[in-house]
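> Now for the letters of each chain:
There are 2 protein chains.
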Amino acid sequence: MSKLRLEAWLLEIPLKEPFRIALGTSTVSRNIVVRLVGEDGIAGWGEASPSKKVLNETIEDVIDTLTKFVGGIDIDYTSVERIYEFLGSFEGAPSAKAALDMALLDLYAKNLGKPLWRVIGGYRESVETDITIGIMEPEEQAKRAVKYVEEGFRALKLKLGLEPEKDVERVRAVRDAVGEGIKIRVDANQGWSVEEAKWVIDRITSYDVELVEQPVRWDDLEGMREVRRESPVPIAADESVKTPSDALRVAEMDAADIINIKLMKSRGILGALRIAAISEAAGIKNMIGCMGESRLGITAGVHVAQAVRNIVVYDLDADLLQAEEVFSGGASIERGVRRVEDVPGLGNFEVNEKYMKKII
Amino acid sequence: MSKLRLEAWLLEIPLKEPFRIALGTSTVSRNIVVRLVGEDGIAGWGEASPSKKVLNETIEDVIDTLTKFVGGIDIDYTSVERIYEFLGSFEGAPSAKAALDMALLDLYAKNLGKPLWRVIGGYRESVETDITIGIMEPEEQAKRAVKYVEEGFRALKLKLGLEPEKDVERVRAVRDAVGEGIKIRVDANQGWSVEEAKWVIDRITSYDVELVEQPVRWDDLEGMREVRRESPVPIAADESVKTPSDALRVAEMDAADIINIKLMKSRGILGALRIAAISEAAGIKNMIGCMGESRLGITAGVHVAQAVRNIVVYDLDADLLQAEEVFSGGASIERGVRRVEDVPGLGNFEVNEKYMKKII
Chain A
1225 MSKLRLEAWL LEIPLKEPFR IALGTSTVSR NIVVRLVGED GIAGWGEASP
1275 SKKVLNETIE DVIDTLTKFV GGIDIDYTSV ERIYEFLGSF EGAPSAKAAL
1325 DMALLDLYAK NLGKPLWRVI GGYRESVETD ITIGIMEPEE QAKRAVKYVE
1375 EGFRALKLKL GLEPEKDVER VRAVRDAVGE GIKIRVDANQ GWSVEEAKWV
1425 IDRITSYDVE LVEQPVRWDD LEGMREVRRE SPVPIAADES VKTPSDALRV
1475 AEMDAADIIN IKLMKSRGIL GALRIAAISE AAGIKNMIGC MGESRLGITA
1525 GVHVAQAVRN IVVYDLDADL LQAEEVFSGG ASIERGVRRV EDVPGLGNFE
1575 VNEKYMKKII
Chain B
1225 MSKLRLEAWL LEIPLKEPFR IALGTSTVSR NIVVRLVGED GIAGWGEASP
1275 SKKVLNETIE DVIDTLTKFV GGIDIDYTSV ERIYEFLGSF EGAPSAKAAL
1325 DMALLDLYAK NLGKPLWRVI GGYRESVETD ITIGIMEPEE QAKRAVKYVE
1375 EGFRALKLKL GLEPEKDVER VRAVRDAVGE GIKIRVDANQ GWSVEEAKWV
1425 IDRITSYDVE LVEQPVRWDD LEGMREVRRE SPVPIAADES VKTPSDALRV
1475 AEMDAADIIN IKLMKSRGIL GALRIAAISE AAGIKNMIGC MGESRLGITA
1525 GVHVAQAVRN IVVYDLDADL LQAEEVFSGG ASIERGVRRV EDVPGLGNFE
1575 VNEKYMKKII
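Note that the protein sequences, when read in sequence, are chains A and B.
By my numbering, the letter at position 317 of the first sequence is numbered 1541, and the numbering carries on one by one without gaps.
By my numbering, the letter at position 228 of the second sequence is numbered 1452, and the numbering carries on one by one without gaps.
For identical chains, the list gives no copy identity; a pair is met inside one copy or between any two copies.
List time: in silico DMTMM-like cross-link candidates among lysine to aspartate or glutamate, alpha-carbon distance up to 25 Å: (1) Lys1334 x Glu1565; (2) Lys1509 x Glu1315; (3) Lys1276 x Glu1549; (4) Lys1277 x Glu1387; (5) Lys1509 x Glu1476; (6) Lys1334 x Asp1566; (7) Lys1277 x Glu1420; (8) Lys1509 x Asp1300; (9) Lys1227 x Asp1566; (10) Lys1227 x Glu1349; (11) Lys1367 x Glu1558; (12) Lys1277 x Glu1236; (13) Lys1334 x Asp1300; (14) Lys1334 x Glu1349; (15) Lys1509 x Glu1454; (16) Lys1240 x Glu1352; (17) Lys1582 x Asp1288.
Simulated from the structure, these hints should not be mistaken for laboratory data.
Model, not experiment: these values are computed from the prediction.
All chains, full assembly: derive it from the sequences and hints.
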C-alpha cells in the first residue's frame, strides 16, 4: 500500500489542420495529463482525452473526477486487480479513469523493472499504424493520401459518413491515387443509415477496402449486424463498444467482425485487456484506436498494441495530427512503424510545458 | 527465445479412501508431472491430472501429447501471449496443455522475480478452501463433516447426484451435524434430471446451501437455465464450462450464477484468466476447483485464486484427499486456509520420488 500524490495539467495542442469527421470538426486537442508520485519519488504518467460525442464527458468532468483525489490515492499499485477494483469504485469521467489507469500501470511496470507491454502480454516488438484523413473533398483526401504514402505510411484511414455518393468517390479517388499495396480503412462514425451503409459498401468493395468502421448508430446493433451480414468487407464496432460488457453484447449479437478498442472508452488499459480477452474467445479480432491523445496517451496505446496478440489493426496516430510535440520520449514513429522505448513503465517522457497549465 | 528441455514423470498417489462421485469412483490419482529446464538451469514445474469423464482424455493421451516435445520447446516464456499462442498451436490432451502452461508461467514469474499470483493479479494474500466429501451414506457424510470442521475447515462440499431423496437426507444430516456457520456447497456432477434438480433444490434450500454445482448434464444449458430460474440457491456451471468460449456461451444463455474454473479444463492458467475476465464482464462470479492434482497442481490453482478478484469460492483440496505428500513446498494448508510461498514463480517444490516414475 502506498499513498500517491496526484498532479494534473490542462493541455491544449493545436492540430495541424482542422479535423472533420461525421460527428463534428475539431481544431485543437484539449486533454488532461496526470502524474501520480509515490512517497519514494517514483512517478507514473497518464492522459485523459475526453470525448463529448462518444463518452458524454467534458474536460470539466475530467477535472471534477480528478479533484476527488487531490488528497492523494491509497493503493497497492503492484496489484492490477486492486487497480481495476479502484477504477470501478467511484463514479467519474471515463477518460479520467483511463488517465489514472495509465499512471498506475506505469508504476506497476516500473516496479517490475520492465516496459509495460512486456508484462501485460509481450507479443510484438512494434506495430504499423495507419494515419487518418478527415472528411474533405475527394481530391483533397487523395492529395493527403499521396503525401502520407510518400512519408512511408502503408495504411490509411478515411473518414466518411456524411455523403454516401461522395463517400464512394472519396474511396475511389484515394485508391486511384495510391495504387495497390496500401491498406485503406474507412470510418463512417455512425453517419450512415443501414441502407446507406449497404449502398456505400456495395460500391467501395471493388477498391479493396480492409474494413468499415461503425457504419451505423452506436446503439443500433441489429442494424450493424444486418450491414455485416451482407458486407464482403469486415465491419468494425467502435462507438458501439466502450466497455467489456459492451463487447460481450456485440459478441452475443454477432454484430461485428472486429472491435475497436480505445483506452478512453475502456477506462484504461485493464479494461482494454478484458475487451481483448472477450473478443478473442468470441473469434472477433481487435483494432486499437485513439481519441485526441498526445504522445503520452498514444504511447499507452502502443504498449497495449504490442502486448496483445488479438489486436491486429492499429490506428494510433492522434499525436501525428497535432502541430506540436508536447511530450518527447514514448512511442517513436518511423515510416508508419511505432515502437515504445526499451525502458521500465510507459516511457521516459520529457515535457514541453508551453502547452500545459497546472491545475492540481 | 529460449530452448527448454522437457522432463516428465508418471505420478501415482493412493487416496486416503475411495472417492465416489456421480461420474464414478476413484482410489488413486494418476497424474503426470512436467519440468521445463532452460539452458541456464532455470526450471518450471507443471502437473497434468487427466479426466476421462470430463475431458475425454487418458493418461496415455497426456503422455502422447508431451512426447511431441521430447526434442524441447522453443519459446519466449517472458511473453504470456506467446505462451497462449503456443498452447493453441497443437492438438493435445487438455491437461497436458495445462501442465505446460503452469511450467511456462512458473518460468515467467521466476524471470520477473515475483510469486506468480502477484504478477497475474495480486488480489489476496490467502484463500479459504472447502474440503470435499464423496458420495456415501448420509450418516457417514455427516461423520466426515464433523471431523473436517474439527480440523478447522469452515466450508464443506458434498458430492450428490445419484439418489435425489437420499441427497436431501445427506444435506440435512450434514447440516444437523455441523450446525450453523459452516458453508455447505453441493455438487451433483450432472447426476440429476432437470426435474430431479428442482425437486432436490426445493428441499435443501432450508439447510442453507451456498451453491449447487452442475445439477444437470454438461451439454444441457437450457436445462441448467431452467433449474436456475426457479432456484433460490446459486447455480454453478462446472463440466459445462471448460474453455473461454464455453464461458461466453453460458453468459449468453444466462445459464449460471457462478462458473467453476479448473486449470485442467481451461488448458492452464492463461485460459483460466480469460474465463475470469469473461465471467466478470457478464456479472458471473467464479469458483475455482480442481481434478486430482497433487500439491504441485493445487498450488497453481491457489496462485490463480489469490490473483483474481472475481474468483470468490475456493475448492482446492485434491492433495488433501491423497494418502501421501508427493511434493512439499507450494501452497500450505492450515485450518482450511491456503497460501502460496513468498518465493518467485509457483513455489519451491521438493519431490518425494517414491511415487514418481520418470517417463521423459
